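Per full-length UniProt numbering, residue 1 is the first one in the sequence shown, and the count goes up by one each step.
Hints in this document: simulated from the structure, not taken from any laboratory.
Wrong hints could be hidden among the right ones.
[What the hints assert, rightly or not] In the SDA-like style, the derived pairs of lysine to any residue whose C-alpha atoms are separated by at most 25 Å in a straight line are:
| # | residue 1 | residue 2 |
| --- | --- | --- |
| 1 | Lys44 | Phe22 |
| 2 | Lys47 | Gly68 |
| 3 | Lys59 | Gln71 |
| 4 | Lys44 | Asp56 |
| 5 | Lys37 | Lys47 |
| 6 | Lys53 | Met41 |
| 7 | Lys47 | Lys59 |
| 8 | Lys46 | Gly25 |
| 9 | Lys15 | Gly25 |
| 10 | Lys15 | Leu26 |
| 11 | Lys37 | Lys53 |
| 12 | Lys44 | Thr29 |
| 13 | Lys74 | Asp56 |
| 14 | Lys37 | Asp60 |
| 15 | Lys53 | Gly39 |
| 16 | Lys46 | Lys59 |
| 17 | Lys45 | Gln58 |
| 18 | Lys53 | Met64 |
| 19 | Lys59 | Lys37 |
| 20 | Lys59 | Met41 |
| 21 | Lys47 | Ala34 |
| 22 | Lys74 | Leu55 |
| 23 | Lys46 | Val57 |
| 24 | Lys53 | Gln71 |
| 25 | Lys59 | Lys74 |
| 26 | Lys74 | Ala49 |
| 27 | Lys47 | Val57 |
| 28 | Lys44 | Thr33 |
| 29 | Lys53 | Pro43 |
| 30 | Lys53 | Arg63 |
| 31 | Lys37 | Gly25 |
| 32 | Lys37 | Ala49 |
| 33 | Lys46 | Leu35 |
| 34 | Lys45 | Ser31 |
| 35 | Lys15 | Thr29 |
| 36 | Lys47 | Arg63 |
| 37 | Lys37 | Phe22 |
| 38 | Lys74 | Glu62 |
| 39 | Lys53 | Asp66 |
| 40 | Lys74 | Val57 |
This structure is a prediction, so every number in the text was calculated from the model and none was measured.
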Amino acid sequence: QNAGSTETPLRGLLKSQLQRQFVYGLIFTLSITALWKFGVMEPKKKKYAEFYKNLDVQKDFERMRDVGVFQSVKPGGAVGEGW
C-alpha cells in the first residue's frame with residue numbers, strides 16, 4: 001500500500017458489487033423473458049390460431065347435441081319439454 005493513499009481496498013466494494021449484480025440480474029431476466037415469449041407463448045398462440053381457423057362451430061354443436069350435453073335440445077334436434 002502507498003503511504004500517501006488514504007483509500008482502503010474495501011471502500012466502494014458494496015456499491016460496485018450491487019451495480020454488477022444488478023446488471024447480471026437484468027441480463028438474466030431479459031433472457032428468460034425472451035426465451036419464455038419465443039419458446040412457449042408464440043407456439044401457443046400459433047396453436048390457438050390454427051385451432052380457431054379450423055373450428056366448425058355448427059359441427060361442434062351438432063356433435064354435442066347428439067351426445068346429449070344440452071338439456072334444452074334433445075338428440076336429433078327436438079326441443080325439450082320446457083321450451
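Hint by hint, here is what the structure shows:
A threshold of 25 Å between alpha carbons decides the hint, and for Lys44 with Phe22 the separation of about 32 Å lies outside it, so the pair is violated. For the suggested pair Lys47 and Gly68, the alpha carbons sit about 29 Å apart, so the restraint of at most 25 Å is broken. For a cut-off of 25 Å, the pair hint linking Lys59 to Gln71 stands: about 18 Å separates their Cα positions. Taken as a hint, the Lys44 and Asp56 pair is honoured in the structure, with Cα atoms around 20 Å apart against an allowance of 25 Å.
Simply put, Lys37 and Lys47 have alpha-carbon atoms about 14 Å apart, close enough for the 25 Å limit, and the pair holds. Between Lys53 and Met41 the CA atoms are separated by roughly 18 Å; this keeps the pair inside 25 Å, and the hint holds. Restraint check for Lys47 and Lys59: satisfied, since their Cα atoms lie roughly 20 Å apart, inside the 25 Å limit. Proposed proximity of Lys46 and Gly25 is contradicted: the alpha carbons are some 30 Å apart, above 25 Å.
Distance check on the hinted pair: Lys15 and Gly25 sit about 15 Å apart at the alpha-carbon level, within 25 Å; holds. Between Lys15 and Leu26 the alpha-carbon distance is near 16 Å, which keeps this suggested pair within the 25 Å criterion. Note on Lys37 and Lys53: the hinted pairing holds, with a Cα-Cα distance of about 22 Å set against a maximum of 25 Å. A C-alpha spacing of about 21 Å is found between Lys44 and Thr29, which places the hinted pair at or below 25 Å, so the restraint holds.
Distance restraint check for Lys74 and Asp56: the Cα-Cα separation of roughly 21 Å lies within the 25 Å cut-off, and the hinted pair is therefore satisfied. Between the alpha carbons of Lys37 and Asp60 the distance comes to roughly 31 Å, so the proposed pair goes past 25 Å and is violated. At most 25 Å may separate the alpha-carbon atoms for a hinted pair to count; Lys53 and Gly39 meet this at roughly 22 Å. A hinted pair counts as satisfied when its Cα atoms are at most 25 Å apart, and Lys46 with Lys59 qualifies at roughly 23 Å.
Of the pairs offered as hints, the one joining Lys45 and Gln58 holds, with about 24 Å between alpha carbons and a cut-off of 25 Å not exceeded. The hinted pair formed by Lys53 and Met64 meets the criterion: a straight-line CA distance of about 20 Å does not exceed 25 Å. For the hint pairing Lys59 with Lys37, the CA-to-CA distance comes to about 34 Å; that exceeds 25 Å, so the pair is violated. Simply put, Lys59 and Met41 have alpha-carbon atoms about 29 Å apart, too far for the 25 Å limit, and the pair is violated.
Using a Cα cut-off of 25 Å, the hinted pair Lys47 and Ala34 holds, with the two alpha carbons roughly 19 Å apart. Taken as a hint, the Lys74 and Leu55 pair is honoured in the structure, with Cα atoms around 23 Å apart against an allowance of 25 Å. At roughly 19 Å between alpha-carbon atoms, Lys46 and Val57 fall within 25 Å of each other, so this suggested pair holds. A threshold of 25 Å between alpha carbons decides the hint, and for Lys53 with Gln71 the separation of about 29 Å lies outside it, so the pair is violated.
Between Lys59 and Lys74 the CA atoms are separated by roughly 16 Å; this keeps the pair inside 25 Å, and the hint holds. As the CA atoms of Lys74 and Ala49 are separated by approximately 32 Å, the hinted pair breaks the 25 Å bound. For the given pair, Lys47 sits about 17 Å from Val57 by alpha-carbon distance, which is consistent with the 25 Å threshold. Pair hint Lys44 plus Thr33 holds up; C-alpha atoms about 15 Å apart against a cutoff of 25 Å.
Using a Cα cut-off of 25 Å, the hinted pair Lys53 and Pro43 holds, with the two alpha carbons roughly 15 Å apart. A threshold of 25 Å between alpha carbons decides the hint, and for Lys53 with Arg63 the separation of about 19 Å falls inside it, so the pair holds. Distance check on the hinted pair: Lys37 and Gly25 sit about 18 Å apart at the alpha-carbon level, within 25 Å; holds. In summary, the hint linking Lys37 to Ala49 is supported, as the alpha carbons are separated by about 16 Å, within the 25 Å threshold.
For the hint pairing Lys46 with Leu35, the CA-to-CA distance comes to about 16 Å; that is within 25 Å, so the pair holds. A C-alpha spacing of about 20 Å is found between Lys45 and Ser31, which places the hinted pair at or below 25 Å, so the restraint holds. For the proposed pair Lys15 and Thr29, the alpha carbon gap of about 21 Å is at most 25 Å, so the pair holds. Proposed proximity of Lys47 and Arg63 is supported: the alpha carbons are some 22 Å apart, at most 25 Å.
For the proposed pair Lys37 and Phe22, the alpha carbon gap of about 22 Å is at most 25 Å, so the pair holds. For a cut-off of 25 Å, the pair hint linking Lys74 to Glu62 stands: about 11 Å separates their Cα positions. Proximity of Lys53 to Asp66 is assessed by CA-CA distance (about 24 Å); at most 25 Å being required, the pair is judged to hold. For the suggested pair Lys74 and Val57, the alpha carbons sit about 18 Å apart, so the restraint of at most 25 Å is met.
The earlier numbered hints that this structure contradicts are 1, 2, 8, 14, 19, 20, 24 and 26.
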